[in-house]
Amino acid sequence: MEHIVIIGNGISGVTAARHIRKNSDKKITIVSTETDYFFSRTALMYVYMGHMKFEHTQPYENWFWKKNRIHLVKGYVEKVEHAGKNLILKNGEKIAYDKLIIATGSKPNKFGWPGQDLKGVQGLYSKQDLDALEESAPNKNICKYAVIVGGGLIGIELAEMLRSRDIPVTFLVRETSFWNGVLPKGESQMLNEHIAEHHIDLRLETNLVEILADENGHVRAVTTDRGDTIECNMVGLTAGVSPNIDFLKDSGIELGRGVKVNRYLETNVSDIYAIGDCAEQHEAIGNRRPIEAVWYTGRMMGETVAQTICGNKMKYNPGHWFNSAKFLDIEYQTYGWVFSERGMKENEQHFHWRHSKELICITVAFDKETGLFLGINTFGIRMRHEIFDRWLTEKRSVEYVMKHLADANFDPEFYANYEQEITSKFNSDFGKSIASKKKSLKRIFAIG
Amino acid sequence: MSNYDKSMALTGQPPKALNTGQKLATLLGMSGLGILTLALFNINFPNKGLWLTVSLSAIFIGVFWFSQAAYASKLKGIKNDGVWFKSVSSRGLWGWMAGIALTGFYIALYFYPQYLGLVKDGENTGVIALFDPLSRLLSGNPASQWFVYGTLYTVAILAFGIKFIWKYRHNRYEKIRTVSVMFFQTAFAFLIPEIMARLNGKIPYYDLKNMWPLNYYNFERYRINGFIDSGDIGMAMLIFGILSIFLISPILTFKYGKRWYCSWVCGCGALAETAGDSFRHLSDKSKMAWKVERWVVHSVVVFVTLMTTAVIYSYLGNDTSKYWLTKSVFLSGVALILTTVFVWVMLYKREQLQKDAKYGAIGYFVIIMALIGLHFFSGDGNIFLFKSETLRKTYGFLIGSIFSGVIGTGFYPIFGNRVWCRFGCPMAAILGFQQRLFSRFRITTNGGQCISCGNCSTYCEMGIDVRAYAQKGENIVRSSCVGCGICSAVCPRGVLKLENGPQKGRINPTEVLLGNNVDLMNLVNQK
Chain A
1 MEHIVIIGNG ISGVTAARHI RKNSDKKITI VSTETDYFFS RTALMYVYMG
51 HMKFEHTQPY ENWFWKKNRI HLVKGYVEKV EHAGKNLILK NGEKIAYDKL
101 IIATGSKPNK FGWPGQDLKG VQGLYSKQDL DALEESAPNK NICKYAVIVG
151 GGLIGIELAE MLRSRDIPVT FLVRETSFWN GVLPKGESQM LNEHIAEHHI
201 DLRLETNLVE ILADENGHVR AVTTDRGDTI ECNMVGLTAG VSPNIDFLKD
251 SGIELGRGVK VNRYLETNVS DIYAIGDCAE QHEAIGNRRP IEAVWYTGRM
301 MGETVAQTIC GNKMKYNPGH WFNSAKFLDI EYQTYGWVFS ERGMKENEQH
351 FHWRHSKELI CITVAFDKET GLFLGINTFG IRMRHEIFDR WLTEKRSVEY
401 VMKHLADANF DPEFYANYEQ EITSKFNSDF GKSIASKKKS LKRIFAIG
Chain B
1 MSNYDKSMAL TGQPPKALNT GQKLATLLGM SGLGILTLAL FNINFPNKGL
51 WLTVSLSAIF IGVFWFSQAA YASKLKGIKN DGVWFKSVSS RGLWGWMAGI
101 ALTGFYIALY FYPQYLGLVK DGENTGVIAL FDPLSRLLSG NPASQWFVYG
151 TLYTVAILAF GIKFIWKYRH NRYEKIRTVS VMFFQTAFAF LIPEIMARLN
201 GKIPYYDLKN MWPLNYYNFE RYRINGFIDS GDIGMAMLIF GILSIFLISP
251 ILTFKYGKRW YCSWVCGCGA LAETAGDSFR HLSDKSKMAW KVERWVVHSV
301 VVFVTLMTTA VIYSYLGNDT SKYWLTKSVF LSGVALILTT VFVWVMLYKR
351 EQLQKDAKYG AIGYFVIIMA LIGLHFFSGD GNIFLFKSET LRKTYGFLIG
401 SIFSGVIGTG FYPIFGNRVW CRFGCPMAAI LGFQQRLFSR FRITTNGGQC
451 ISCGNCSTYC EMGIDVRAYA QKGENIVRSS CVGCGICSAV CPRGVLKLEN
501 GPQKGRINPT EVLLGNNVDL MNLVNQK
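As they're listed, the protein sequences go chains A and B. First residue of the first sequence? That's 1 in UniProt numbering, and the numbers climb one at a time after it. First residue of the second sequence? That's 1 in UniProt numbering, and the numbers climb one at a time after it.
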C-alpha cells in the first residue's frame with residue numbers, strides 16, 4: 001500500500017489527507033510538531049479572549065483520525081532524504097514515504113530588528129505563540145503595556161486580543177494609513193477611525209528601530225524611528241509571515257522564498273509536493289501572489305493535490321479570488337479584485353460608498369473603459385459568495401451589479417438595507433440612472 | 001499547558017472582572033432575591049404588596065443596571081470576552097452554586113410546595129403569601145406555587161431579555177426575536193390566563209401559545225369538561241388547541257422552520273434565550289450527544305403519544321348512539337394519522353433518514369400499532385398494558401417535572417440552556433421532524449468563506465456542530481435547530497444566514513468548496 005506522508009497538520013495538510021482518504025485506501029500519515037490534533041489557526045485569538053477553549057478550535061473530534069485511518073505522528077522533521085524517500089525526525093525516528101506532501105505553513109517575519117529574540121517578543125501564528133502570550137501577557141498587571149509592530153490582519157487581531165484584557169496597546173504601522181497597501185483609502189481611513197474607537201494607540205508611518213532588554217533579558221521598551229521610546233512588557237511582531245521551510249535548506253528541493261512548485265503543486269523532486277502557505281508558484285496565477293498565505297487557498301491546494309495523488313492529475317487552478325477578515329467589530333469580505341491606490345491597475349476605477357453614521361462601506365472596482373465589474377470590498381455588510389462568483393463568471397457589468405445588489409446581500413434577516421442608497425450614490429457619481437431591483441429568491445437560487 | 005493566572009478570586013482580571021456598576025447591580029438584584037428568601041423562611045412582611053414590589057423591582061432593576069454597566073459603554077458587536085474564564089459561565093464554583101440553587105428551587109416547586117408556603121385550605125404562608133396581593137389583583141384568587149413561578153419566570157424573561165437586546169444591539173434579528181418572546185411570555189403565558197380566570201371561572205388555565213404535546217395535559221378529561229362547560233369561548237379554545245397541532249404549526253413550520261415557535265414564541269425557549277443566554281456554549285457538541293439526543297427526544301414523543309391516546313381513550317365511551325367519538329373511532333383515527341405520516345416518510349423521504357432513524361421509526365411504529373391493535377383484538381381490555389392514569393402520572397413526573405423543570409432549567413449552568421428543548425421536548429421533536437423533511441428553512445453556508453474557527457458550534461445552544469457543515473460549504477438543515485441566529489451573529493466571516501427559500505438545493509452536501517477549480521468542483525460534487 002502506498003504510503004502518503006504529510007508534514008504539517010494545518011488546513012492544507014489535513015484537507016489533503018481527508019480527500020486522499022475519500023478517494024483511496026492509501027496509508028496516510030501526518031507529522032506535526034505543533035499540536036496533537038488539527039486546530040483552526042484563525043481561531044487562536046478567540047481562545048485568548050475567552051470566547052472559546054482551545055479544544056473548540058479543533059474541527060474534528062479526536063476519534064475522527066483513527067476512524068479514517070489517518071495516522072498522526074507528533075514530531076519535528078529535521079531532514080528530508082529524497083534519495084531513500086525517508087524523513088528523519090528530531091528524535092532520530094525515520095519515516096519512509098512513497099509520496100510526500102510538504103504543508104508546513106508559515107512563520108512570523110522578523111526583519112533583523114535588534115532585540116527581536118528577547119523574552120516577551122513574539123509573533124502570533126502557532127499554538128506555541130498563544131501559550132507564550134499567556135505567559136507574557138496574562139493580565140494587565142503583569143503586562144502593563146504592549147507594542148505591536150506591523151499593520152496587517154494579525155496585528156489588529158493581536159491588538160483586539162490584548163484589549164480584551166484591558167492591556168494598553170500601541171500599534172506601530174509603517175504605512176500612511178492602516179493596511180492601505182491592500183485596501184483603497186476610504187476603507188483604510190474608516191479602519192483608522194475604528195481602531196481609535198477601540199482605544200488602540202495607532203501610530204502611522206512609524207517603524208520599529210530597536211527592542212530594549214531589562215536585566216533579565218526580557219523586553220523593557222521599544223524605540224521608534226520617530227525618536228520615541230515606548231516602555232512595554234510585550235512586543236508583538238506581526239509584519240507578515242513567510243514560508244516555514246528552514247528544515248529543507250540542503251534537501252535538494254528547490255526553494256525560493258517558499259518551496260517552488262509547478263501548477264500541479266509538484267516540487268522539482270518527484271513524488272514530493274508542497275501546498276498551502278509554504279508553496280511558491282514559479283509564476284503567479286492571474287492577479288494572485290506566488291505565495292498565497294491564506295486559509296482558503298491552503299484548503300484549495302489540499303483539495304487539488306489529493307486528486308493528483310489519487311491518480312487524477314489536476315492543476316491548481318483556483319476560481320475567482322475571495323477573502324474575508326474581521327477588524328475588531330467590522331467584518332470584511334472581498335470578491336474579485338479591488339486594489340489599493342498603490343496597486344491599482346491602469347484600467348481600474350473605483351466606486352466608494354460609506355454610510356453617514358455607521359461604520360459600513362463598500363468599494364466596487366470596474367473597468368473604466370468597458371464597465372466590466374472587477375470586484376467588491378464590503379465592510380459591515382455581508383455578501384453572498386455564490387452570487388458574486390456567478391457575476392464574475394458571467395462577466396457582468398458594474399451597472400448590472402448595482403442594479404441587482406440586493407440579490408447579493410447576505411446580512412441576517414431584518415437588517416437595514418442600503419442598496420437604494422448605494423445605487424443612488426453610484427448614479428450621482430457617474431451620471432447614471434440605474435434603478436435598483438428588489439431581492440429575488442428566483443434569481444438568488446437560480447430557479448425557473 | 002502554560003501556568004497563567006488561575007487565581008480563585010471571584011472577580012479577577014479583565015475580561016472576567018466585574019466593574020463597579022456591575023458589582024452594585026449584582027448587590028441590588030441579590031437583595032431582591034434576599035427578600036424572597038427571607039419570606040421563604042417565614043419572615044412575615046407587614047405590607048406584602050409593597051415588599052413584593054420592592055423585591056421584584058430590585059431584581060429587575062439589578063439586571064437592567066448590570067446590563068447597562070456591562071454593555072452600554074462598549075461599542076456594539078459580539079460580547080463574548082471572558083465567557084470561558086468567568087466562573088458562572090464556565091462550570092466554575094458560581095456555576096455549580098447557581099445550578100444547585102435552581103435545582104433545589106425546582107424540586108421544592110414541583111414536589112414540596114408546602115415548603116414554599118402553599119397552604120391548601122387556608123391562608124398561604126412563606127414566599128407564596130408574599131405573592132398573594134399580585135395574584136388577587138390579576139385573577140382574584142390567592143397565589144399558588146405556579147403563580148409565584150410564573151411571575152418570577154416572566155420577570156426573568158423581561159429583565160434578561162433587555163440584557164440580551166443590549167448585548168446584541170447590533171443585530172436586528174436578535175432584537176426583534178427577543179421582543180417577541182418577551183411579549184408572548186408576558187401577554188399569553190402570564191396575563192391573559194389570569195385575566196381569563198377572572199372573567200370566566202370555569203375555564204381551565206390556558207396559555208394559548210402552548211400546544212400539545214408541550215401541554216401534554218390539554219386533552220385530559222377535566223380540561224375537556226372545563227372547555228365544554230364554559231360555552232362558546234371554551235369550545236373555541238379547544239378547537240384552537242386542535243388546530244394548532246394539525247394546521248397552524250405545520251404551515252408556519254413549513255414557511256419559517258420551527259424557529260417561529262421555539263425561539264420566537266415558546267416560553268421555555270424564551271427563558272433559555274434570555275436568562276439562559278450566558279450558558280448557551282455549555283451544550284455538548286459531540287456526535288455521541290447527538291445520538292443520545294435523537295433517541296431520547298423521539299422516545300419522549302412516542303411516550304407522550306401513547307400516554308395522551310390512553311388518557312383520551314380511558315374516558316371515551318363505546319356507544320355510538322351517545323356520542324360519535326367512541327373508543328374505536330378515536331383509536332382508528334390515531335392509527336390513521338400515524339400510518340399516513342409513517343407511509344409518507346418511508347415513501348418520499350427515506351433517503352433523507354439515517355439508518356438508526358429508519359430502524360427507530362419502524363420499531364416505534366410497530367409498537368404503537370400493536371398496542372392500538374390490542375383494543376380491537378381483545379375487546380375492551382386493558383390496552384397499553386398500563387393503566388392510563390399510571391402512564392399519565394409517570395409522564396407528568398418524569399417528563400413534565402423532572403426533565404423540563406429540574407434538569408431542563410436547574411442544570412442551565414452545567415449542561416447549557418436548552419437541555420430540555422434538545423433532549424426532552426416532544427413538541428420540539430415533532431416540529432424538528434417537519435423542519436428537517438418539509439420546510440423552506442435552512443441556514444445557508446456562504447460558499448467557501450468558512451475558516452473552521454468554531455464560534456458557531458461553540459455558541460450553538462442545541463449542540464449542533466454547525467462548523468462541521470459550514471466548513472464543507474454545506475447548508476445546515478437540522479431538526480434540532482431552533483433558529484436563534486446566534487451562530488450567524490458570532491461568525492466572524494459572515495458565513496451563515498438563516499433564511500427561508502426553495503426546497504430544491506436546500507440540502508447540498510459538497511466536498512470541494514466554492515472558489516476552487518470549476519472542473520474539480522464539477523467532478524467531485526456531482527457524484
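None of these hints come from the bench; they were simulated from the model. Cβ atoms here follow ideal geometry from the backbone N, Cα and C, with glycine treated the same way. Any given hint could turn out to be false.
The list that follows gives simulated cross-link-like pairs (lysine-lysine, DSBU-like), each with its CA atoms no further than 35 Å apart [claimed, not checked]:
(1) B:K393 to B:K291
(2) B:K504 to A:K140
(3) A:K442 to A:K79
(4) A:K249 to A:K119
(5) A:K313 to B:K472
(6) A:K140 to A:K79
(7) B:K287 to A:K22
(8) B:K291 to A:K425
(9) B:K291 to A:K127
(10) B:K287 to B:K355
(11) B:K504 to A:K442
Sample of chain B residues with no beta-carbon within 10 Å of chain A, all distances over it, derived [said to hold, decoys possible]:
(12) G99
(13) D121
(14) A187
(15) N210
(16) L371
(17) S452
(18) L513
(19) V524
Listed next, with one range per pair, are the computed distances between beta-carbon atoms [what the hints assert, rightly or not]:
(20) B:L437 to A:N268: 35 to 45 Å
(21) B:L374 to A:K439: 49 to 59 Å
(22) A:L441 to B:L137: 45 to 55 Å
(23) A:K79 to B:G363: 51 to 61 Å
(24) B:A187 to A:R288: 29 to 39 Å
(25) B:V518 to A:K79: 38 to 48 Å
(26) B:A187 to A:K432: 41 to 51 Å
| query | Given a hinted range of 45 to 55 Å, is it respected by the beta-carbon distance of L441 of chain A and L137 of chain B? | reply | holds (49 Å)
| message | Next pair to validate is K249 of chain A with K119 of chain A; report whether the Cα-Cα distance is within 35 Å. | response | holds (27 Å)
| Does the Cβ distance between L437 of chain B and N268 of chain A fall inside 35 to 45 Å? | Roughly 54 Å apart at Cβ, these two residues miss the hinted range, so it is violated.
| message | K504 of chain B and K140 of chain A were given as a pair; does the straight-line alpha-carbon distance stay at or below 35 Å? | response | violated (53 Å)
| Within a Cα-Cα threshold of 35 Å, do K291 of chain B and K127 of chain A meet the stated pairing? | Distance ~32 Å between K291 of chain B and K127 of chain A Cα, so the pair holds.
| query | Is the Cβ of G99 of chain B farther than 10 Å from every Cβ of chain A? | reply | holds (19 Å)
| Beyond 10 Å from chain A, beta-carbon-wise, is A187 of chain B? | A187 of chain B clear of chain A: closest Cβ-Cβ about 21 Å, beyond 10 Å.
| request: Compute the least Cβ-Cβ separation between V524 of chain B and chain A, then decide whether it is above 10 Å. | output: violated (8 Å)
| Do the beta carbons of K79 of chain A and G363 of chain B sit within 51 to 61 Å of each other? | holds (58 Å)
| task | Over 10 Å to the closest beta carbon of chain A is the bar; see if L513 of chain B clears it. | result | violated (7 Å)
| 35 Å Cα cutoff - pair K313 of chain A, K472 of chain B | Within the cut-off at roughly 23 Å; holds.
| message | Just to be careful, I want the Cα atoms of K504 of chain B and K442 of chain A compared with a cutoff of 35 Å; is the pair within it? | response | holds (11 Å)
Taken one by one, the earlier hints fail for this structure at numbers 2, 3, 6, 8, 17, 18, 19, 20 and 24, listed in ascending order.
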